Amino acid sequence: MKIEVLFFGVLTEVSKVDKLVIHDVKNLEGLMNELNIRYPDLQKYTFQISVNREIIHKNKSFKDGDEVAFLPPFAGG
Amino acid sequence: MKTIVPYLFHGPIKPSEIANLIEKYSGNRDAGAYSFFLGQVRADRVGGKRVREIVYTAYEDMVAGEAGRIKEELFDIYDDLIHLEIRHSVGSVKTGEISLLVFAVSRHREQAFKACNETVEKVKQKFPVWKKEVYEDETHEWKES
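Heads up: the protein sequence lines correspond to chains S and V, in order.
Residues in the first sequence are numbered from 10 upward in steps of one, following my numbering.
Residues in the second sequence are numbered from 1358 upward in steps of one, following my numbering.
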């Protein structure tokens, strides 16, 4: 199973990429564990998380092909 | 302006777009009022540095859904509303250029004013857009609304 992870705004400077593919993580908790190892500075930032363009507020199981995005506070206008 | 998704456009929004929109909707004889908002990039001074431009990025696939929800909500509240246009820039917008256009058309002025104001607030809260202020000395800072 693979999921696509997207970073936006200031978080692209933490991850150094806009997008990455991660294999074999079952849920959001697993993904956060993986990302906190790769990017320890991620924990310093405020962000929301969306799965398939819907913001989620608790742990969620993933299915193959899910798109998970890390969204810093919006700043439109 | 190149359209990315229906609500996002590459680069600054031209002031003439307002005239084009009025021309477009003037043919609707139920319309009695237009209200619009244009957001312009300010040359703020931050710690002795002056802003040169803002570079906007967006979660493009999510913007359309959010814009659709905003419009649905406002058309539910304001039964006088005829049309609501939302345009936001992505990419570089220099100081003195326009990055946001909201345009409301209604039968009477009260709902055009209210719908326009509420849409601007909702765009700022809900549009997945981020802005990087770039200063004249080439440094930058990510800003929140």
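In short, the hints are calculated from the structure, not lab data.
Careful: at least some of the hints might be erroneous.
Said to hold, decoys possible - To list a few chain V residues with every Cβ distance to chain S over 10 Å, as calculated:
#: 1; residue: Ile1379
#: 2; residue: Gly1405
#: 3; residue: Asp1433
#: 4; residue: Ile1434
Unchecked claim - Cross-link-like lysine to any residue pairs, in silico, SDA-like; alpha carbons within 20 Å at most:
#: 5; chain 1: V; residue 1: Lys1406; chain 2: V; residue 2: Lys1483
#: 6; chain 1: V; residue 1: Lys1500; chain 2: S; residue 2: Gln52
#: 7; chain 1: V; residue 1: Lys1483; chain 2: S; residue 2: Pro81
#: 8; chain 1: V; residue 1: Lys1428; chain 2: S; residue 2: Gln52
Model, not experiment: these values are computed from the prediction.
We put the beta carbon where it would ideally sit given N, CA and C, even for glycine.
Hints, verified against the model:
1. Ile1379: At about 22 Å from chain S, V:Ile1379 clears the 10 Å cut-off, so the statement holds.
2. Gly1405: Non-interface label stands for V:Gly1405: nearest chain S Cβ at 22 Å, farther than 10 Å.
3. Asp1433: Correct as stated: the minimum Cβ-Cβ distance to chain S is 21 Å, above 10 Å.
4. Ile1434: holds, 21 Å
5. V:Lys1406 to V:Lys1483: violated, 29 Å
6. V:Lys1500 to S:Gln52: Holds, at roughly 19 Å.
7. V:Lys1483 to S:Pro81: Answer holds: V:Lys1483 to S:Pro81 is near 12 Å, not above 20 Å.
8. V:Lys1428 to S:Gln52: Judged against 20 Å, a Cα distance of about 35 Å means the pair is violated.
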